[in-house]
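Novice: For the protein sequence lines, the chains are A and U, in the order given.
Sequential numbering from 14 applies to the first sequence in our numbering.
Sequential numbering from 44 applies to the second sequence in our numbering.
Simulated from the structure, these hints should not be mistaken for laboratory data.
Computed from a predicted model, the values in this text were never measured in an experiment.
For each residue, glycine too, the CB sits at the ideal point set by N, CA and C.
Errors might be hidden in some of the hints.
[What the hints assert, rightly or not] Pair by pair, the computed Cβ-Cβ distance ranges are:
#1 U:P87 x A:E18: 33 to 41 angstroms
#2 U:L111 x A:E45: 53 to 61 angstroms
#3 A:E18 x U:L97: 47 to 55 angstroms
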Amino acid sequence: MPVAEEQSDRLRQFTHGDLDAFEALFREFQGEVYRWIGRIVRDAGAAEDLTIETFWRIYRAHARFDPERSFGAWARRIATNVALDYLKRARPQESLPADFPATASPNPGIQREVRERTERAFRQLPAKLQVTAILALIEEEPYKNIAEILGISVGAVKLRVFRALRILRKTLEQMGIEP
Amino acid sequence: MNKQSDDKIVDLLRQSIPPADAELQRDLWPKMLGRLQERSAALPWFDWALLAALALWLCLAPGTIPVLLYHL
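Bound conformation, chain A alone (with noise of 0.2 angstroms):
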């Protein structure tokens, strides 16, 4: 069987509630959603809680997917929402765990004090701005993948960093820190 018809026959039999299907498909993107995750929650043990939680979601809405679309495009989106929660139940207070894999190191230009910080004040920005912020500007996501992730407009996506960025600067300023 051609790799494209089996994929949409899995896609078919998971959406009939099919538990190979969905074992299948866990193994294939559960690296991509927690990679996802990870780039928005950064902790690691948030991070496998979270894929877990997303894929629970995934299984129990599995009737109202259409085999037709993306699993991944809708895996992101949901993962995305479960993470979104996370930080909204999350503490502002508390700063990033420091044990996270990153593409480099903080700059050790930067004096630690600073650093903190500016992640202490990234994490005081509300969940929805925060997710947006981290995307557009930490990550370099287009605002076309964002909006869509989303379920927002590109102007929505724009709008949400200009206010992110603003109370950041506030925030920053009220910190002793002069961007």
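Assemble chain U onto chain A, guided by the hints.
Specialist: Structure of chain U alone, referenced to chain A:
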């Protein structure tokens, strides 16, 4: 507020919080399976509602208990 100031904040952010690069270190399927089994073992809400209705009925009409036991 100007673009230069925004750019400085973005630079500060990127230097403080670099882009993430995390790979999943283990297979999460066993954990997922545990979650699925845990949830499927749980009683659905309508079963709880039925039990609650039965308990209420027995409290309000204790005389029906022998009738119920006879039919069980």
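Novice: Now look at each hint and say whether the structure bears it out.
Specialist: To see whether the hints hold, each was checked on the structure:
no., hint, result
1, U:P87 x A:E18: 33 to 41 angstroms, "36 angstroms, holds"
2, U:L111 x A:E45: 53 to 61 angstroms, "54 angstroms, holds"
3, A:E18 x U:L97: 47 to 55 angstroms, "51 angstroms, holds"
Checked against the numbered hints given earlier, this structure breaks none of them.
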